[in-house]
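Novice: Put together the whole structure using the sequences plus the hints.
Under the working numbering, the first residue of the sequence shown is numbered 1, with each subsequent residue one higher.
Since the hints were made in silico from the structure, they are not lab data. We put the CB at the ideal spot given by N, CA and C, even for glycine.
The following label-pair restraints were derived from C-beta to C-beta distances:
| hint | residue 1 | residue 2 | range |
| --- | --- | --- | --- |
| 1 | ILE49 | GLY321 | 32 to 40 Å |
| 2 | PHE347 | ILE165 | 36 to 44 Å |
| 3 | ILE49 | PRO377 | 14 to 22 Å |
| 4 | TYR320 | LYS378 | 20 to 28 Å |
| 5 | ILE315 | ILE184 | 31 to 39 Å |
| 6 | LEU443 | PRO377 | 21 to 29 Å |
With a Cα cut of at most 27 Å, we get these calculated BS3-like pairs of lysine-lysine:
| hint | residue 1 | residue 2 |
| --- | --- | --- |
| 7 | LYS238 | LYS183 |
| 8 | LYS174 | LYS378 |
| 9 | LYS183 | LYS378 |
| 10 | LYS183 | LYS243 |
| 11 | LYS378 | LYS248 |
| 12 | LYS173 | LYS378 |
| 13 | LYS319 | LYS378 |
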Amino acid sequence: MFVEIMLVPDLRQVASDFTNGAEWISWVLSIYLLVGGVVTPIIGKLGDIYGTRNLLITVMVIYLLGLLGSGFSITISNSLFGEANIFVLLFFRGVQGIGMGMFPLAFSVIRDVFPQDRIPFALGLVSSMFAVGTSIGLVLGGWLTSVDTWNFAFHLVAIPFAILIIAAFFVVKKEQGVEKGAKIDGMGAALLGISVFCFLYAVTAGRTDGWTSFKILSFFVVSVIAAIAFVLWERRSKEPIVKLSLFKNLGIMNATLVAFFAGLVMFLYYQTMPFFLETPVELGGYYGFSDTFVVGLHMLPTAAFQFIFGMTGGIASKKYGSTNVMVVGTAIMAVGFLILTQFNDVFWKLSVSQAVLGTGIALAMSSLINVVMDFTPKDEFGVSSGMNTLFRTIGGAIGPALSAAVMAPYAIPGFEELYRYEGFDRIWTVATVFAVIAFIIALVFRKGGKQGKRS
1 MFVEIMLVPD
11 LRQVASDFTN
21 GAEWISWVLS
31 IYLLVGGVVT
41 PIIGKLGDIY
51 GTRNLLITVM
61 VIYLLGLLGS
71 GFSITISNSL
81 FGEANIFVLL
91 FFRGVQGIGM
101 GMFPLAFSVI
111 RDVFPQDRIP
121 FALGLVSSMF
131 AVGTSIGLVL
141 GGWLTSVDTW
151 NFAFHLVAIP
161 FAILIIAAFF
171 VVKKEQGVEK
181 GAKIDGMGAA
191 LLGISVFCFL
201 YAVTAGRTDG
211 WTSFKILSFF
221 VVSVIAAIAF
231 VLWERRSKEP
241 IVKLSLFKNL
251 GIMNATLVAF
261 FAGLVMFLYY
271 QTMPFFLETP
281 VELGGYYGFS
291 DTFVVGLHML
301 PTAAFQFIFG
311 MTGGIASKKY
321 GSTNVMVVGT
331 AIMAVGFLIL
341 TQFNDVFWKL
351 SVSQAVLGTG
361 IALAMSSLIN
371 VVMDFTPKDE
381 FGVSSGMNTL
391 FRTIGGAIGP
401 ALSAAVMAPY
411 AIPGFEELYR
421 YEGFDRIWTV
431 ATVFAVIAFI
441 IALVFRKGGK
451 QGKRS
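Specialist: Right, here's the structure in full:
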């Protein structure tokens, strides 16, 4: 998560570095999550077939190529098109999205290797790495982009990541695949990708092309048709990317839906907060920071509390029950967004809002994988955890695009990357509603479902 978040404090600069950056900047986060969401279940299945170690190293190498390509995206774009086109950066960000397949592989290793009584803590620890990466990414990423450029940040991160690949080659134990002859649901992945991509494109381009234009309506229609086709295909597939029968277990359905909304509001926040902090005072902003390092520091309360409560979320799940922790987490998350809409004009108020929000996100996120484990038989854990990751990342992909669409009417004339305060108030109110929905789902279904055997 460090690499994905390190750009957040500098999103405004990234947008201005490309000729078409202002319109498509939300896709810098969305495309990574979209690709990651689609390919993660496939990578999990490939890990079952060919072995976790082989897939882990392969995915890490692909991710490294995405890092290098993103760092050189302006140079490559100028060579190909004679101008800085953001679609080159988006392509390599999509390549990076394949790297999200590392997480279900890590979860599989934990479940197979750790003692039963240590699994909740280990899963919570790995889940908390999202918060650790976020914390480091906001501060160190902001500092890197303030002393040099965001391109340099990609180049610098590629060095330690290459070392990690070498370490994984020697440290991760080689094992045999356990599902020889299993098939990959390529059609399901394609239909899902088409559906989500068309929806995100329509949401992004609708504000410029017109929401009722033939082009935008066509993308919405294709999105719906692809979604219906996806459901029909998955019901017939022998090796589905999403095992729909698992939704009969209310515990799994609960965690999956909460994952979607939690991912949506979390990345919606990370998309909007930098612009809020960078809006000049003379244009109606409260802070007007131009230094990305300072922006990162002012977002640190959220990340710090994500880290603290992400680390303890697994322990709390073991002691109080994962579903109870999820209910509490979603409730605090909703309160955090509500406070954010009201208390944001001075730093101490903003810090309180961010701390509450970070606590809620951490508890909700860290409990999800434990809820999945509690309600899933061991032989289906890979599928159900992959589904949970899939819905969380799809929600995360929609969050930035949705924020861009909602805030577009509030753009300041002559400053395409800046927005009036009303835009932030509107989008954070929307986030509050989604967080409340997540809380209601967690509360209503927390007792539902049949608990699977964890042995």
